[in-house]
Amino acid sequence: MLRRDWRRIAEGRTADIFELDERRVLKLFKQGYSMDAARREYENHRMVSGIMAQVPRVFACAAYEGRVGLTMENVRGPSLASRMLDARTFEQAMDLFAQLHMSWLSHTAPAATAYTDRMLDAAVRAGAEESLLRRIRALPPGDVLCHGDFHPYNIVLAGGGRPVIVDFANVCRGPAAYDIARTYVLLSEADASAPLAGLYLARMRRTHEDIEAYVSTLRDFRRYELMREQ
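Mind the numbering: the sequence shown is residues 1148 to 1377 in our numbering, read in order.
Don't read these hints as lab results, they were simulated from the structure. All figures in this text were calculated on a predicted structure; none of them were measured in a lab. Just so you know, even glycine gets a beta-carbon here, dropped at the ideal spot from N, CA and C. Incorrect hints may have been included.
[Unchecked claim] Derived CB-CB ranges, DEER-like:
id, residue 1, residue 2, range
1, Ala1234, Leu1280, 42 to 50 Å
2, Arg1366, Gly1159, 18 to 26 Å
3, Trp1153, Ser1278, 27 to 35 Å
4, Glu1277, Thr1236, 44 to 52 Å
Please model the complete structure; the sequences and the hints are all you need to start from.
Okay, here's the thing in structure tokens:
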């Protein structure tokens, strides 16, 4: 059983976060989540830790009462999303969000899994139609370090406002335009009636034409990706 002194501090579609002590948190995946997937995230986290300074340390990947989890550094603070929801701090938060993503995309990761391979694996497992698989295969290659889930809730403002990036399940390599397009799609899904995605794109100094080839494929792919996460 989970220890009573483990305090749950967050809950997501695939995992719950428990505070173990002052130093560590446990990302405990839902029942049935595979050890292989958890191990991939652990290896992604270790790889990113060797490239980026703005990530928490990761300690171990292990099983807990039939569920698999990752123990990592306990980083306390609000998410950057909370600053975006406040009109007084919105502009500053948007600037920081774009700066962090540009910094992330300035690195390469030739040893990481190709983004098209990650997409194809998820799409095939979810039973996607062949036409979508062909479109994914036709996307261009790249060696840029891509986060794959770069959104404001995955940035924690630690002590002194120090930004810390979290959640490395979807880390891969590809063109920078892919990761920008993916963030654009995620922001559009979260705020369909507001111009948040467009404001992000402008701060990234990109136009919709720069990412258009990825956006349409990503929107169709997301249907299958979300099916797998449910």
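Confirm or reject the claim that Trp1153 and Ser1278 have a C-beta distance inside 27 to 35 Å. 46 Å Cβ-Cβ, so the 27 to 35 Å window is violated.
A range of 42 to 50 Å was offered for this pair. Does it hold for the Cβ distance of Ala1234 and Leu1280? Since Ala1234 and Leu1280 have Cβ atoms about 43 Å apart, the given range 42 to 50 Å holds.
Could you say whether the range 18 to 26 Å given as a hint is met by the Cβ separation of Arg1366 and Gly1159? Check passed, 22 Å falls within 18 to 26 Å.
Do the beta carbons of Glu1277 and Thr1236 sit within 44 to 52 Å of each other? 46 Å, holds
Violated hint for the displayed structure: number 3, the only one.
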